[in-house]
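Trainee: Now for the letters of each chain:
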Amino acid sequence: MFSFELLLDAVVIGVLLGCFYAAVSLGLSISFGLLDVPHVAHPAFLVLASYAVFFLNEHYGIDPLVAGLLITPLFFLFGLLAYRLYYETFEKRGSDAGVRGIAFFFGIAFIIEVLIILQFGVDQRSVTATYIGKAWRIGDMRIPFRLLVAFAVAAVLTVLLAFYLSKTFMGRAIRAVAQDQEALRLMGANPIRIKQWAFGIATAVLGISGALLIIVAPVDPTLDRAYIGRTFCVVVMAGLGSMTGTLVAAIILGIAETIVLTLFGASWAPAISFAMLLGVLAVRPQGLFGRRS
Amino acid sequence: MKRRTLLGGTITAAVLGLTFGLAATALAQQPPIKIGMSMAQTGGLAGGGKASQLGIEVWRDDVNAKGGLLGRKVELIVYDDKSSASETPAIYSKLLDVDKVDILFAPYATVPTAPLMPLVKQRGMLLIGNFSFQVNSKVGHDMWFNNAPWGPADSWATSFLDLGQKAGGKTVALLAADQEFAQNLAKTAREVATKLGMQIVFDQAYPPSTVEFSGILRALKAAKPDIVYVASYPPDSAGILRGVNEIGIGDNVKLFGGGMVGLQFGAVMENLGSLLNGVVNYNTWLPEPGMYNEGTKAFFENYTKRAVEAKVDPLGYYLAPYGYASGQMIEQAIKAVGSLDQKALAKYLRENTHKTIVGPITFAADGEWKETGVVQAQFRGIVDKNMEQFRSSGKQVILFPDKMKSGTLVTPFEAARK
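Respectively, the protein sequence lines represent chains A and G. Numbering of the first sequence is given in the working numbering, commencing with residue 1 and proceeding in unit increments. Numbering of the second sequence is given in the working numbering, commencing with residue 1 and proceeding in unit increments.
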């Protein structure tokens, strides 16, 4: 059943949903897009952050967004450790680090999943906050506040990360290491330290992204599996390493998914992300916002 | 005289001790009766799978405390199927060929059970089903016995749509997850709606990975149905109810719910809290008068203690008592037949009524319950973040079947939500 009202609704919800997808993909845009680390455990880190937020909300009544900010430094340290472990055990040892790295990160993802089950059980968990469960009414349209929160946080995160990567010394160093690691080494900088720092930033971002994940919908220990495809799709479609590109690609994906879901039949929705990815790669192999190498 | 009494007492005690000692040794020495199954311990179905397994474990401990079966201890061999249909055929092959189990219990839920039906039929094994829906309808295995109280395939949809029609509903919207269980429910709902002369104004399947339901619910609302029948799995049920609360579903909806899995689990109900109010949904056991049978109270006392330690559903109403009942049925069959012969056990299960903590169970020819034991209940007066409230009677008022009815339907849905 088609109506312009439904189409408008679908576009608005699609933009908000896309912003949420962007927020959960930005960390991967750094770790995979800029650093070439096959970080398939990214969604598992995300779910871990959600559970940390759940713990703080449930036991101390801390607002989920504040809880997300509180765990950010811990996740930064966790990222530093995870990259050092990956580097020492895989990356340092040879050119096939990518393939073996996937196995490493899959292993990490499984360990995280089991640890969450042991600590919190297998049930779904959710958080409470004043903006969850309410909607903003504009005429006949109602927009859930939790999606507006995702929209705002994604926008702020994108601006901050884009600024950090383009305007600060460390940010430029991260982009340099992504372009030519050897050149950086010849200039006397330690590319591994820079990559470790960047991986720390990518993981720290997950603190706030994990908060959004549990604000938007309840989480369970295996939710990471549902996000592997979507997050990698957004990052590759955007063009590896582009923050604003990640936001735009995620919004395009969100709108496409919601329009299909609302107007053309929900069964097709999961295929949309991959169909769009294939289409983009066929026309622009470097992604929508990537530079041709 | 005293010496003779003392001597007699000593001999009696020695003989008794020897007898019990030998019996205990025999019980320990006999190989155990192995019951094999896979169970969702991780993945989307794990919340139910773990509770179901605990129910079966409580039965195992009870039966072993009474001396086991055929003088042998009962042992459970359980593997995690990760809630995945692709895992179960290999697991059940291993249970049969490597572990050499004597009895098979099915995994929890339709999706993991469906792919192993041909294997079990081919190997001529009896299978006690565990809350799957219509997995035997096409396979036709004559040694399949489902512990779930679904009854005839259409009874689930009939009970819900009948309530809707009595409330004045003429049009129906169907929203179902795009997987085996939910699609089976939707199929029967379509047939029942046609039979009752109702018009289907919205019929949508959504993919199980759906993150946000606002778009679908908006399209559903635009169709202006009187009755909304939802067949969803736990992760989606919470998303749908949240969406309904935010977007609204329309003033004309008289009845909402029907087949939402997840709204029976303690943690999900606690999380959703007041969002549950007004929803009419299926259930299998509730703490309402008329649902208690011999052993039910003792079972829940035992389960509740162990559930906290095992970090599983602290209420355990939905699956755990039926896990226990599976054990009770096989216990009665083995005791009556006196062996583990699969055909003889199946014959006994087919031809008799079995006394369990969820009530008497009689099977139809297709291995499903002869009469439905599913109840349709409406959530009432639920507050946020309170698990204990669900232990009280009156929080889920039974509307169907009539013999268990504990209240009347509050309608329309928007009014019932307040």
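For the record, the hints were derived by calculation from the structure and aren't laboratory data. Worth double-checking, as some hints may not be accurate.
Straight-line alpha carbon distances no greater than 30 Å define the calculated DSS-like cross-link-like pairs of lysine-lysine that follow [stated by the list, open to error]: (1) K134/A with K385/G; (2) K297/G with K224/G; (3) K355/G with K134/A; (4) K305/G with K418/G; (5) K343/G with K405/G; (6) K335/G with K121/G; (7) K121/G with K355/G; (8) K94/G with K224/G; (9) K121/G with K134/A.
Here are some chain G residues pointing at chain A (derived, C-beta under 7 Å) [as the list claims (entries may be wrong)]: (10) P89; (11) S93; (12) S209; (13) G215; (14) G239; (15) I247; (16) G250; (17) D251; (18) A267; (19) V268; (20) V337; (21) R350; (22) E351; (23) N352.
Note that this is a predicted model, so its numbers are computed, not measured. Ideal Cβ positions, reconstructed from N, Cα and C, are used throughout, including at glycine.
Trainee: Among all the numbered hints in the text so far, which are the ones the structure does not match?
Mentor: 2, 3, 4, 5, 8, 9, 10, 11, 16, 17, 20, 21, 22 and 23
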